[in-house]
Amino acid sequence: MEKSLQSLQRLLYKAITAPEPAGTPAHALGRGLAASRLEAIIAGDERLSAAERLAIYANAYFYRLLECLRDDFPATATIAGAERFLELIRDYLAAYPPSHHSVTYAGRFLADFLCNYHGVQQYPFIADVARLEWTLIEAFQARDAVALKAEVLRAIAPERWPELRFKTPPALSVIDCRWRVTELLRAVQEGNEWRPPEATSQNVVVWRQDATVYYREITRRERDAFSLLAQGSSFAVLCERIAGTRADSKAVQEINRMIERWLADGCLMLDDGAAPARAKAAAKRPPDGPTT
Amino acid sequence: MKRADFPFLGFGVGLRREHYELVLAEKPAIDWFEVISENFMVAGGRPLQVLESVRERYPIVLHGVSLSIGSTDRLDRQYIAELKALARRFEPAWVSDHLCWTGVDGRNLHDLLPLPYTSTVVRHVARRVRQVQDILERPILLENVSTYMRFAESTMSEWEFLAAVAEQADCGILLDVNNIFVNAFNHRFDPVQYISSIPVERVAQFHLAGHSDHGAYLLDTHDHPIRPEVWSLYELAARRFGAVSTLIEWDDNIPQFSELQTVAKTARRIFDASSARERDSQKSNDGKKPAKSSAPALQSDYGA
Numbered sequence: 001m002e003k004s005l006q007s008l009q010r011l012l013y014k015a016i017t018a019p020e021p022a023g024t025p026a027h028a029l030g031r032g033l034a035a036s037r038l039e040a041i042i043a044g045d046e047r048l049s050a051a052e053r054l055a056i057y058a059n060a061y062f063y064r065l066l067e068c069l070r071d072d073f074p075a076t077a078t079i080a081g082a083e084r085f086l087e088l089i090r091d092y093l094a095a096y097p098p099s100h101h102s103v104t105y106a107g108r109f110l111a112d113f114l115c116n117y118h119g120v121q122q123y124p125f126i127a128d129v130a131r132l133e134w135t136l137i138e139a140f141q142a143r144d145a146v147a148l149k150a151e152v153l154r155a156i157a158p159e160r161w162p163e164l165r166f167k168t169p170p171a172l173s174v175i176d177c178r179w180r181v182t183e184l185l186r187a188v189q190e191g192n193e194w195r196p197p198e199a200t201s202q203n204v205v206v207w208r209q210d211a212t213v214y215y216r217e218i219t220r221r222e223r224d225a226f227s228l229l230a231q232g233s234s235f236a237v238l239c240e241r242i243a244g245t246r247a248d249s250k251a252v253q254e255i256n257r258m259i260e261r262w263l264a265d266g267c268l269m270l271d272d273g274a275a276p277a278r279a280k281a282a283a284k285r286p287p288d289g290p291t292t
Numbered sequence: 001m002k003r004a005d006f007p008f009l010g011f012g013v014g015l016r017r018e019h020y021e022l023v024l025a026e027k028p029a030i031d032w033f034e035v036i037s038e039n040f041m042v043a044g045g046r047p048l049q050v051l052e053s054v055r056e057r058y059p060i061v062l063h064g065v066s067l068s069i070g071s072t073d074r075l076d077r078q079y080i081a082e083l084k085a086l087a088r089r090f091e092p093a094w095v096s097d098h099l100c101w102t103g104v105d106g107r108n109l110h111d112l113l114p115l116p117y118t119s120t121v122v123r124h125v126a127r128r129v130r131q132v133q134d135i136l137e138r139p140i141l142l143e144n145v146s147t148y149m150r151f152a153e154s155t156m157s158e159w160e161f162l163a164a165v166a167e168q169a170d171c172g173i174l175l176d177v178n179n180i181f182v183n184a185f186n187h188r189f190d191p192v193q194y195i196s197s198i199p200v201e202r203v204a205q206f207h208l209a210g211h212s213d214h215g216a217y218l219l220d221t222h223d224h225p226i227r228p229e230v231w232s233l234y235e236l237a238a239r240r241f242g243a244v245s246t247l248i249e250w251d252d253n254i255p256q257f258s259e260l261q262t263v264a265k266t267a268r269r270i271f272d273a274s275s276a277r278e279r280d281s282q283k284s285n286d287g288k289k290p291a292k293s294s295a296p297a298l299q300s301d302y303g304a
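For the record, the sequence lines run as chains A and B.
Residue numbering for the first sequence follows our numbering, starting at 1 and increasing by one per position.
Residue numbering for the second sequence follows our numbering, starting at 1 and increasing by one per position.
Calculated from the structure, these hints are not laboratory results.
There's no promise every hint is true.
[Claimed, not checked] From the structure, some residues in chain A lie toward chain B, with a derived Cβ separation under 7 angstroms:
# : residue
1 : Q6
2 : R10
3 : I42
4 : A60
5 : Y61
6 : P97
7 : A142
8 : A211
[Unchecked claim] Here are the computed distance ranges between Cβ atoms for each label pair:
#  : chain 1 : residue 1 : chain 2 : residue 2 : range
9  : B       : R17       : A       : E240      : 40 to 48 angstroms
10 : A       : E83       : B       : I254      : 23 to 31 angstroms
11 : B       : S275      : A       : R108      : 46 to 54 angstroms
12 : B       : R17       : A       : E83       : 24 to 32 angstroms
[Said to hold, decoys possible] If you only want the chain A side, here are some residues facing chain B, beta carbon under 10 angstroms, derived:
#  : residue
13 : E2
14 : K3
15 : Q9
16 : Y13
17 : I16
18 : A43
19 : G44
20 : L65
21 : C68
22 : S99
23 : H101
24 : A145
Predicted model only: the values in this text are computed from it and were never measured.
Cβ coordinates follow ideal geometry from the N, Cα and C atoms, glycine included.
Next comes chain B alone, as it looks inside the complex:
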């Protein structure tokens, strides 16, 4: 996997059915779209017509939810073949899925379930990722998922597990900044340590989304504005990982497209500011005082 396999697309949003008409008719200004692979793994009809039209004008990325890379079932060759055919037809910038399992014994939970963080599970997942990449004839990205339980048998942290899988599988990472924040709350770890521990060269995409607060836990619902704390983590990530394509996810209570554009612009502003600060910081490392983090200011700037 080379970082060059995943070009910087800028700041995009997820393509959702609620915005099909507007996107086709008005061709709004947005850098790129991420589409859920399974929504377009159909024989024909409107979804594919829509995607044809969208693809004529925008770069797209295929983001799947059913690869079930951590399952102990055999790899679903039919699913992967359909995914490959979809990728061949629409030529996405890349293909991604999640570091999780979604079912067992041929049954599907339609959810992203966590795995035990052990070296043996790392080997299991990495072997399957390599097989998938061989079939697809392209490197893939795996996303860190939001989780609400962790297993007593885990022997490593989530970030160590994610980095080890990416390293052994030689795949990229889709780093979901909101999921890091959600999991940090749910499992009480330091999200900054997480971001600081992920290998820079593996990260090829960011996800940003909102979540809901259930008191004892945070739920990754993609139905709220992005929280100020998540924007702060994004600023940190942007400084650490550099020019990484960023995607705004919103799956429920979906707002007007113009609001998504505004959020994407906010991400761009933070990224630009972070890049400038990082350059300053590097200069200051040549003998000057290090630049101060502006995370608290960001909370007030972007928290609305």
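If we strip away everything but chain A, and leave its shape as in the complex, we get:
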């Protein structure tokens, strides 16, 4: 029995998700099935044929996901425009049909898809925008964590600082964009007119504080600092790497500024659970050296 039910479900899945040219009347939708075969499976009547009944599900499938993705990727949708966004979502769903039980994940591959999508070549920055928008969604629902408070850090004896290991909260991500897309996203979010961004790289940090998701542009050095935190580097190594060859007061000030900002934004945690042996090995690793 399960085989016959499975065949039916596979056939319906294929028919419901089959992209049809826009404007095709419901009664003309074959969806890969001969009309006679469809009528043998789905009982039609004088009000609605089998194909028309199937089309109700096909429309629901596509337009539900289109609406969901439009809500999740408002800037991507704005850049593409209504008609082109509809087309690109139709092509995206054909390439990346949803597989997760939550519809929220339907757009998780949209940025990857847009990297090579011919339909938006006039907007080469759109994949970066989609990646930033997806990162905001991930941050929104990432695991909760208790951020390090400035007073807690200040209470730690200074001689212990070099050995301290920090980490970032699960909701924090750093993304590297090829285009300066943060201004564009902010313009769309604020309902202002957007302009094509500059074709220069931009590092962006996304994080969550008090259930609100934020993003901002960061310097290359701050991006590297976040990478070091993610690797479990000690405070000593962090300072050494960020200062680089500069053994001046400006380097110290820069590190202080970063840490103050991270503390204020809830971007820093104490890594109490780091395995000592692994952490020590990481600390001994020479800057930019091989990892093997």
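Given chain A, put chain B in place with the hints provided.
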């Protein structure tokens, strides 16, 4: 499954994002909330914070859309484990999902698809429901879904199928009164016969919602006020099934919370009136004339 596993919670509404702020700030008078399980099956963030706060003050019920109990794919153990963890954390009065399938071969349609109504499909679904109940360590409710197609191979009516699954799986029924009305129109059957055929002891929750009229068919859109005909069916259901928790669903064009409260109050009034009539009717069965149905009057009373 025992009816006592599903206490009477009164008259609730679906918790929707549009009302989070108001519910948290004003703690409005409502008996209980139903929440969509998947919206809270996340690692962290605001949704879970909101649910924590809501749960401190109100009873809740978890209502899922992705169990895909009728699929031929293997049961999604990861999904069920996450659902169990959510239930353990928030202690809902019960957990429910739909009598349908939502995907196959690991792909998800994010829709509630109908099944062929045959005895073999009943056995297939019932076996899976029992497995889910074993994992969750609690009985679940299955809801009748709105449908726009039925299969030529079906050998039983929708109500026979629903009752047979509930019986064989030993699970409860979440009876969506609007879905019965929608399906009765779409597939031309008598909604009264449907309600009269469902076993009383299995029904533990009602859904009430609005739908949209597309001429040749009705679409279960949850974006309109409840139609008078659906209120009439609800009156019938309230008389037949007694004290069953009732939930107002509204998912699009969501009105002010106060309007949802008003609709919930309407359901309460109908329920109270139906209970009184049922008591009268039982008395009249002891030799008096049966009480007359007030369904037409209800249409004018509650149709606005």
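Against the structure, the hints:
no.: 1; hint: Q6; result: holds (4 angstroms)
no.: 2; hint: R10; result: holds (6 angstroms)
no.: 3; hint: I42; result: holds (5 angstroms)
no.: 4; hint: A60; result: holds (6 angstroms)
no.: 5; hint: Y61; result: holds (6 angstroms)
no.: 6; hint: P97; result: holds (5 angstroms)
no.: 7; hint: A142; result: holds (6 angstroms)
no.: 8; hint: A211; result: holds (4 angstroms)
no.: 9; hint: B:R17 to A:E240: 40 to 48 angstroms; result: holds (46 angstroms)
no.: 10; hint: A:E83 to B:I254: 23 to 31 angstroms; result: holds (28 angstroms)
no.: 11; hint: B:S275 to A:R108: 46 to 54 angstroms; result: holds (49 angstroms)
no.: 12; hint: B:R17 to A:E83: 24 to 32 angstroms; result: holds (28 angstroms)
no.: 13; hint: E2; result: holds (5 angstroms)
no.: 14; hint: K3; result: holds (8 angstroms)
no.: 15; hint: Q9; result: holds (4 angstroms)
no.: 16; hint: Y13; result: holds (5 angstroms)
no.: 17; hint: I16; result: holds (6 angstroms)
no.: 18; hint: A43; result: holds (5 angstroms)
no.: 19; hint: G44; result: holds (8 angstroms)
no.: 20; hint: L65; result: holds (7 angstroms)
no.: 21; hint: C68; result: holds (8 angstroms)
no.: 22; hint: S99; result: holds (5 angstroms)
no.: 23; hint: H101; result: holds (4 angstroms)
no.: 24; hint: A145; result: holds (8 angstroms)
Checked against the numbered hints above, the structure violates none of them.
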